[in-house]
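Engineer: Taking the hints into account, I'd like the entire structure generated from these sequences.
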Amino acid sequence: MCDNHEHKKLRSNNRDLQEIEKQIDRRHFLKKTSLGLGALAFSSLLGTEKLWANINAESSPEEILNAYNKNRLGLPHHLPKAKRIIYLFQSGGPSQMDLFDYKPKLTDMFGKELPESVIGGQKLTGMSGAQSTLPIAPSTFKFQQYGESRAWVSDAMPYLSEVVDELCFIKGMQTDQINHTPAITFMQTGNQLPGRPSIGSWLSYGLGSDNENLPTFITLVSKNGKGQPLKASLWGNGFLPTEHQGVQFRSGKDPVLYLSDPENYDGHDRRHMLDYLSHLNDLQTDSYGDPEIQARMAQYEMAFKMQTSVPEVTDISDEPEHIFDMYGKDSRDPGTYAANCLMARKLLEKGVKFVQLYHQGWDQHTHCPGGVKNQSKKTDQATAALIKDLKQRGMLEDTLVVWGGEFGRTIYSQGQLTETNYGRDHHPKAFTMWMAGAGVKPGFSYGETDDFSYNVVKDPVHVHDFHATLLHLFGVDHEKLTFKHQGRRYRLTDVHGHVVKDILT
Amino acid sequence: MNEVSDIVIFLGRFHPLIVHLPIGFIMFAFLLEILSKWKNLKELRAAIPYALLFGAITAAKACLLGYMLASSGEYDGPMLDGHFWFGIATTAFTLLAWLISIDKIKFIKLASFKANIATLTFLVVLISITGHYGGNLTHGADYLTKYAPFGEKPQKIAPPKDVNDVVLFDHVIYPILEEKCMSCHNPSKKKGGLALDNAENILKGGKKGLAIVPGDIEKSGVFHRVTLNHDDKEFMPPDGKTPLTEEEISLLSFWIKSAKADFSIKLVAAEEKEEILKTALAYLNMGEHAKETLPEVQPADSIAVAKLANAGFTLRELVYNSGIYDVVLPSKTAKSSEETTKLLEQLAAIKNNVLWLSLQDNQVTDTHLKTIAQFKNLKQLYLNKNAITDKGIAELKAIETLKSLNLYGTEVSKESFASLVNFKNLQNVYVWKTNVTNEDVKEFEKQNSAIKLHLGITK
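Residue numbers (my numbering), protein chains in the order written: chain Z, 1 to 505; chain V, 1 to 459.
You can trust all of the hints, since none of them are fake.
DSS-like cross-link-like pairs, simulated, lysine-lysine; straight-line CA separation at most 25 Å:
| id | chain 1 | residue 1 | chain 2 | residue 2 |
| --- | --- | --- | --- | --- |
| 1 | Z | Lys226 | Z | Lys377 |
| 2 | V | Lys442 | Z | Lys388 |
| 3 | V | Lys446 | Z | Lys441 |
| 4 | V | Lys433 | Z | Lys346 |
| 5 | V | Lys424 | Z | Lys81 |
| 6 | V | Lys342 | Z | Lys350 |
| 7 | V | Lys207 | V | Lys219 |
| 8 | Z | Lys81 | V | Lys278 |
| 9 | Z | Lys81 | Z | Lys350 |
| 10 | V | Lys433 | V | Lys414 |
| 11 | Z | Lys388 | V | Lys433 |
Ranges of calculated distance between the beta carbons of each label pair, as one might list FRET restraints:
| id | chain 1 | residue 1 | chain 2 | residue 2 | range |
| --- | --- | --- | --- | --- | --- |
| 12 | Z | Pro229 | V | Thr365 | 51 to 57 Å |
| 13 | V | Lys332 | Z | Tyr265 | 24 to 30 Å |
| 14 | Z | Val495 | V | Phe122 | 53 to 59 Å |
| 15 | V | Asp232 | Z | Asp451 | 38 to 44 Å |
| 16 | V | Glu338 | Z | Pro229 | 52 to 58 Å |
| 17 | V | Gly135 | Z | Tyr288 | 47 to 53 Å |
If you want the ones that stay clear, here's a sample from chain Z, every Cβ over 10 Å from chain V, calculated:
| id | residue |
| --- | --- |
| 18 | Pro135 |
| 19 | Tyr159 |
| 20 | Ala232 |
| 21 | Pro241 |
| 22 | Ser251 |
| 23 | His268 |
| 24 | Ser287 |
| 25 | Glu292 |
| 26 | Asp333 |
| 27 | His485 |
Keep in mind that the hints were calculated from the coordinates and are not lab data. In this text, a Cβ means the ideal position worked out from N, Cα and C, and glycines have one as well.
Structural biologist: In structure tokens, the structure reads:
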């Protein structure tokens, strides 16, 4: 009954819209004058057929054609090393000198004033800038060298110290921002103001999906997180088409709500309903050319597929005991960092390209030693387990693991300094991150800070450089992946960024 | 050379535009002449004098503008003289042809028709010669013949065999200049009076001063111009041409500064070479900095690819337009060993195009590995979670390109090691949850350092 709507075209009198209408006409011409596989051959003549042939057994010839025609970006630019990524974001700004950036010379300088020459006229935050004194607070943690690479790790992270030979430390990280929201936004989108696409959205837009049944970009946030709030713009799509935004899985037993059918409905005609709905939406797209309509259609389809794919992938009951033991006892408690690490591994195994974890609580303005110890306890074992688990499955070879926060912390104490306690303020000029896996040198340390872990003295890596390197590992030239918006082309790195070739294998 | 006022050069630069008008007119006159004779369309002949008249007028204009352009001093040598005289000759002869065509000049012995076709044919020859000189001036003398199937190729400097052979100027700097500068700065087209084709010309510099000052990048004009802000009107190469990359700039800077613009110095002999060695080798694509080369393959048949996608494979091209694919058969796609057989037979249609292949958890058995052994470009192979034994590994017949082999969760044992050592490029083998034990791995790694076996937490 409802299939007999006449497919009438609305014509616009607006010139911009007319342009879009013309393009649609061309597309229809291709679709309708050439049938099925013949069209493929034709489109191959036009050189448009090869990008992501992400089509599955149920795809109709038309879907196949569309999948092929998606290739207008000419990606990847070079042979990728990484196929997927898990980004373990440590929100708040982990204290680099209490974890990885060992500064032995400071033990004798306990309580001494941090020299003005080190600060170099930097503008401090309002939180510690007004302090009458900036006393040096050497780390209370014990450092030791581990592995064949002899990497320094503090005793806050005993598990991670077992896998240092897989890690590539970047000790000269630098950012432009000193406050949480702009800094974390900068780290995730390349700009301090919200509104630009996040790293995961760029990758989804540029490289497409490896598993059409799951979102390409999934975000997991540790539950009961305290500290600076996280917000959806960090995994937002900005001006890119909406289907490229990160899909946040809830931290808890039921990662995606409302996937099961409501009572008294068995879902038998849902396929039919969606088909008709997309027919109606097609009419709208043809009339108005609004890409948001297509995004909406893609999301409906995704939700439909997730009804079967998500329960399967989030079910961790079939994991053996020893895996739970490896990730730590938290891993049985859904929504914790450890459980999220385990789920992230399962998602990566299923072909999700970008899993973004967030763990809050690294903002130690006061009680730094206790705070660092506490957060390390929540994350250390699972982080190390994830590395080991990916390694033994052979996945570390093409999976990139990234660990880091939005900035570092100061060597001077914010608030009162005692033998056993100190606080640390935000510090954008030097901090430590590490990467592991696909295409980065294992057991390697890059960059150096001065004796105060305050300034980078060798091989600085700016956030833009980090982004450029990350894209490079995925076969993407950061200068070529662009999107035109409001009259100009944007990139993740905007007008900056250099690939850090020295850390690549 | 005397300074020429800007307006002259400004007008002169219209020469390449105007010059096409007489070419068109003259060719048109020639065409009309041929047609009128061949098809016997006499009425066409009425247009010939007009075409020739306009041809003569525009040719004269082109000569004038050409003279102005030449006065800028950017062009030089016998090539310019040839272009100059042939241009004038063409103009004069066009005028003559016009006069003949309107019967102002009568040839007593020849019928006017024949005189016309003779003059016009001669004009076409003249215009071709003039045009050839002009083209050489604009694009460089070897522009036309560089890629011609006949004739000898210009002598190339032999590529270096190893690092010790690299001559900094010949192998690194010259190719940069050749690619980015020499289309305008060559002996026949010296823009700004500068040619960069050999040591003598480079050191001579151009009208604006020295191009290269050994040891001093600040004073070196070339370096200054290529490192300016891209919007600067002095920036080189000019708008529309590809600027030097960062690597190229750092190499140039190193050559001028640290190597004192020495034209014969070897890379390994240069002072402070450490800082630049990596960049230079990457530029030369040598040693460990050589780019991973992609196998040369025929593009995959797009219909075969679409069929594979329909059958359940996920395919993605690893580099755009390379025809090289990452192929994944999602876990549990094949429900039985027979299905796997069919799927693999289908995949064999693009066997040379597959670089990465994942068949994890898909009922793969030893017999299937015989098929996979034909995939001669494989670099990465996931066979985990399949009932594969040592016999199967022997069937793989040491795929030469294979770098990584994932066998976790299979039934292989240390018996496979004997087969593994035959894989020339194998680096990583994953054997967690197989019959391989910790002791086996230790034993193996004692003798083989090239291949790493990964066990994981043994449970």
